[in-house]
Amino acid sequence: MAEAIKINSLSKTYENGLLALKNVNLSVEEGDFFALLGPNGAGKSTIIGILSTLVRKSAGNVTIFGKDVESHVYETKLELGVVPQEVNFSQFEKVGDIVMTQAGYYGLSRKLATSRAEKYLKKLGLWDKRNERSRSLSGGMKRRLMIARALVHEPRLLILDEPTAGVDIELRRSMWKFLSELNESGTTIILTTHYLEEAEQLCRNIAIIDGGRIVEHCSMKDLLAQLDSQTYVIELSQPMTEVIKFGPLVASAHVLDSLTLEITISSSVGMSSLFDLFKNLDLDVKDLRMKNNRLEQLFLTKLEKLEEGRLV
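With my numbering applied, the sequence shown covers 111 to 422.
Warning: the hint list may mix true and false statements.
Here are the computed lysine-lysine pairs in the DSBU-like style, where the Cα-Cα straight-line distance is at most 30 angstroms [unchecked claim]:
id	residue 1	residue 2
1	Lys239	Lys331
2	Lys187	Lys229
3	Lys187	Lys221
4	Lys177	Lys239
Since the hints were derived computationally from the structure, they do not count as laboratory data.
Full structure from sequences and hints, please.
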């Protein structure tokens, strides 16, 4: 299969001397849903900046669908849509105008831009907000608006930088569904996130970056095979009135208080199965989070192995 992204020996040193990327090699196949994970300062944003031509590389080669991002800037920009972590549109501009303005940057005709804006605002549940100023939107709606804006020119590659940070669990699930359907339609998606469970739910392949280096590059299945179990803390919207019987899917369950549970499940149990269980039990889940940061533990394990290799 063709490669959507090919990165060879990529390095970046900023003017202040910070070495942000160190000889990074990475490839993403066309049609993949790919997770790029790492702690703050690991180098994720620098990679995104280089892919979108906002940051110039110091060394190496980067191509999008076979075209070099520096020598074919216009062509690669047409193929790429980026949803940044921070909201970066005017709070005083109307929702529909924000998407239409973006369409204009890509040379879409008025007729096509209007059609596309309607299409994606409807898909993302924002059509009824099209004439409202963006400052009236909730945080989750603003994130969905950034996705609509990034898709209006229908790029073949979409990069999402922490798209569900601070979003409640129900909205997160609806965004997961939309993104899965978008990927199934052929769009290649790269997701950066702090939530391993989000990457687990959506992505087929994964790279972990730390300190400007790729410390793991494998399938999600292979990564999860390194983990035996996972413990979640569940926050309920309503107090429990009786003992909850989870059944065989849950290895253990503990009540922390009337609104909080702690459950442990096998790593082989997917998030969809867990959400289905909550629905069958009629649990009104307000929030779900990992008790321990499994991703951080994986970073430490990979880095320890790298250090051991240097000492041999």
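Hint-by-hint comparison with the structure:
no.	hint	verdict
1	Lys239 to Lys331	40 angstroms, violated
2	Lys187 to Lys229	21 angstroms, holds
3	Lys187 to Lys221	22 angstroms, holds
4	Lys177 to Lys239	38 angstroms, violated
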